[in-house]
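Let's have the full structure, built from the sequences with the hints guiding it.
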Amino acid sequence: MNDSTDSNAPQDLSDRYAELLQCAVLAKDPLASEAALAEAADLGRRLVAHEVPLEEVGELHHEALIRLASAHPDLPLSQIAGLITAPLMEAYMAYSLALREQLERRAEAIVNARLEQSRRLEAIGTLAAGIAHDFNNILGAILGFSELLSDELPPASAGQQHLEFIQQASFRARDLIARMLTFAREMADDPTEIELVALIRETLDLVRVSLPHDVQLDFEPLVSEAWVLAEPSQIQQIVMNLCINAGAAISSTPGRIQVGVRLHTPAGLAPLVRLTVEDDGEGMNQEVQERVFDPFFTTKEPGKGSGLGLSVVHGLVGKLRGSISVSSEPGSGTRFTIDLPRLQQEGKASEDAPPIRHTPPSQQETPE
Amino acid sequence: MSKILIVDDDEIFRTMMAEMVRREGYEIEAVSNGQEALEYIQRERPLLIITDILMPEMDGIEFIMKLNQDGNNIPIIAVSGGRRSISLEFNLESAALMGVQTTLPKPFTREALRAAIDQALEHSPPSSGLR
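Read top to bottom, the protein sequences are chains A and B. Per the working numbering, residue 60 is the first one in the first sequence, and the count goes up by one each step. Per the working numbering, residue 2 is the first one in the second sequence, and the count goes up by one each step.
What the hints contain is simulated information worked out from the structure, not anything from laboratory work. Fair warning: there could be bad hints in the mix.
[As the list claims (entries may be wrong)] Quick look at which bits of chain A chain B covers, simulated, 3 or more residues with Cβ under 8 Å: (1) 183-196; (2) 295-309.
[Said to hold, decoys possible] Facing chain A, according to a computed beta carbon distance under 8 Å, are these residues of chain B, among others: (3) E58; (4) M59; (5) S95; (6) L98; (7) K107.
[To be verified] Using C-beta positions, here's what the derived DEER-type ranges look like: (8) A/L186 / B/P57: 12 to 22 Å; (9) B/E12 / A/P325: 47 to 57 Å; (10) B/A116 / A/A168: 26 to 36 Å; (11) B/E28 / A/A228: 51 to 61 Å; (12) B/R24 / A/A228: 17 to 27 Å.
Only a predicted model underlies this, so the values are computations on that prediction, with no experimental measurement involved. The beta carbon of each residue, even a glycine, is placed where N, CA and C say it ideally should be.
See below:
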């Protein structure tokens, strides 16, 4: 037995599979073979829980087959061919389902952790602002009264000097508060110049694993670079939430999510980067569209979604001084369009004409 | 002589500000929120209003909004210890957006207050005739 099997697929799982395969193949009783298949499904889920990679599930089967063959060398293959495959398929299907659920949970955990972090930072900022407000009032009284008191003391007296010190100390405290506020703001909101195309591509790799297999996720940027001022985690959260939402809108049929990035400059306005996330799912009626960014509004079943995803996106886009719109019709998919202020990178200012244009005319950028 | 109306919920700060303004040679009236300020203005027209922003009952922004609705031409100085922040609280920027021309962050020196009063009174529209 090789090392990797030892470390990843525990021996007892490997033994159990070999046993149930024998059961499934040799069972005289249909109930017993049914039980073996149920156990195979359970085993598939356990393999995911033990983080056994998919390749090793095949090895497990292979190893069990060899054991079966050596234990029963006279079994004719033609007689057992169908029986051998059933437990593998059963284990494989349960494995895939459990794996997808695991990946979904992880993607959700990443999104939630980010959300939690941004909430915490916002709370720190709010707390800092509240403290600053009260401190400034207190300092205002200290500073003001010390100035007033100086009217009542003889000039060049020791008292005057003491008041002078009180005032100096007050100014130091004022500057300290200003620094604390700046720091809290920077912690909560630290935008940098970031390149969207690469960041989105990276984010979509993460999203892809949490989408159902029959949902295709395509990234079709019309530019090679698009610069905006944002925190990378803000963009990741926007993209993840929109894609998870799009994936949920594609309910039964195979579907497709298209993510696009292009440059856009409305006549007479500042240049924008336009991010689109489009699905060919259920679509929404007007009523749902109007409420889609409301906090806690959801069309998902209870427990399937918080209803916060799109309102978080809406909030983030607002923070980035961008705009978001939705266009949709029942039965013909949904498209979210986000416009963010574009940074003109040095030496890259003339990228208004994208190098590649293969979109239908209706989707092209408005003439500038 | 009409008075300078001081609106601030922080009693110690209000007392300090009132004394400072009085020593600049003005008569003052001090109240602790926007509602009381409106009631005073209905009885008497102040020369100038110095108002805090964050106050219970009626905050400075609502107070300024109500004054504007009535076609205010009394000069206003907005004072606040709040700063531009990521929180959604009103601050001096909000007051500036409401048309207040003179803003003064807390804490301030006597000199800064003097300058703000002079500036606000200079910008003041003619006090007689128009509404």
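>> Let me make sure I understand: some of the numbered hints might not hold for this structure. Which ones are they, in numerical order?
In response: Hints 2, 3, 4, 5, 6, 10 and 11 are the ones this structure does not satisfy, whereas the remaining hints hold.
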